[in-house]
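J.: Sequence:
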Amino acid sequence: MCQRRIVTKSCKPNRVAALAASALLAQEPPAYSGEIDTLLFGSLDAGAATFLTAGAKLGLGSLDHDGFVVLASVGSGRQRERGDFGLPRTRYTFSAAAVLGYQWFFDWGVAAVFAGPEGSMEMLADQRVLAASPAAYGLRVHGEIWARLTENTLLQGTAIGGSTRNSLWARLAWGYRCWDAYLGPELSVYGDETGYRKWNLGLHATDFAIARYSFRVSAGLQTESGRRRASPYVALAVWSPW
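Note that my numbering numbers the sequence shown so that position 103 is 103, with each residue one more than the last.
The hints are simulated quantities; they were obtained by calculation from the structure and are not laboratory data. Remember, it's a predicted structure, so these values are computed and weren't measured experimentally. A hint or two may mislead.
Unchecked claim - Estimated spans, in silico, between C-beta atoms of each pair:
#1 G61 - V129: 49 to 57 Å
#2 P117 - Y92: 19 to 27 Å
#3 S225 - W179: 32 to 40 Å
#4 C178 - G157: 19 to 27 Å
#5 A147 - A72: 22 to 30 Å
Here a beta-carbon is modelled for each residue, glycine too, at the ideal position from N, C-alpha and C.
Using the sequences plus the hints, can you model the full thing?
T.: Printed below as a string of structure tokens:
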């Protein structure tokens, strides 16, 4: 049976690997309604790269009211690629961010903006050597909106920009409330100063619960710079009040 349920979100979030799991931070979990001030979340994104993120959303007050919110997350990822002379190598990515923002609750939904520091580091490993790049630091800005267009529909949009690589990641998703979840299409895009681009197009099921844990699952196809063919991706996010 289709029914209505109010949700909001916190993300997640950092660059392609980290952002959508690149996804993805975010991709990125909705906030639980109720008198709570802490929400724990995690996500796993698997596609051309695999990225795991964990973090917390802390409300300076209750998370289901207007007010200041802190988002903190850490993540790590791995991607196999070809290096010099076509030799295989593995790229490891580590990232972290802590942003402070404010969220507003309206009759139609929720909006929020955040800003704060971010950092990342990469390592390349092949059969001969392990090389680490210097850590990079910058500023992250993050905006999101959750709008209930009708009683049973939800439109969600997120945009995250970072100065570490002059990057931008954005996601737009629509869902219809059925079987205790919002079901519908999702689209995400990423780009940075290196010229790298990535597109994800798929389907998602958001905000279904098992015990005190809520989930979002996504699956679809992704295209990225340097690859001739689209490849599949899957993503899982989980969140729970603490």
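J.: Tell me if the beta carbons of C178 and G157 are separated by a distance inside 19 to 27 Å.
T.: Once the Cβ atoms are compared, 21 Å apart, the range 19 to 27 Å for G157 and C178 holds.
J.: Please check whether A147 and A72 have a Cβ separation lying inside 22 to 30 Å.
T.: Given range 22 to 30 Å: holds, Cβ gap about 26 Å.
J.: Against the range 32 to 40 Å, how does the distance between the Cβ atoms of S225 and W179 compare: consistent or not?
T.: 37 Å, holds
J.: Does the beta carbon distance between G61 and V129 stay inside 49 to 57 Å, or does it fall outside?
T.: 50 Å, holds
J.: Holds or violated: the 19 to 27 Å window for the beta-carbon distance between P117 and Y92?
T.: Given a distance of about 21 Å, which is inside 19 to 27 Å, the answer is holds.
Comparing the model with each earlier hint shows no violations; every hint is respected.
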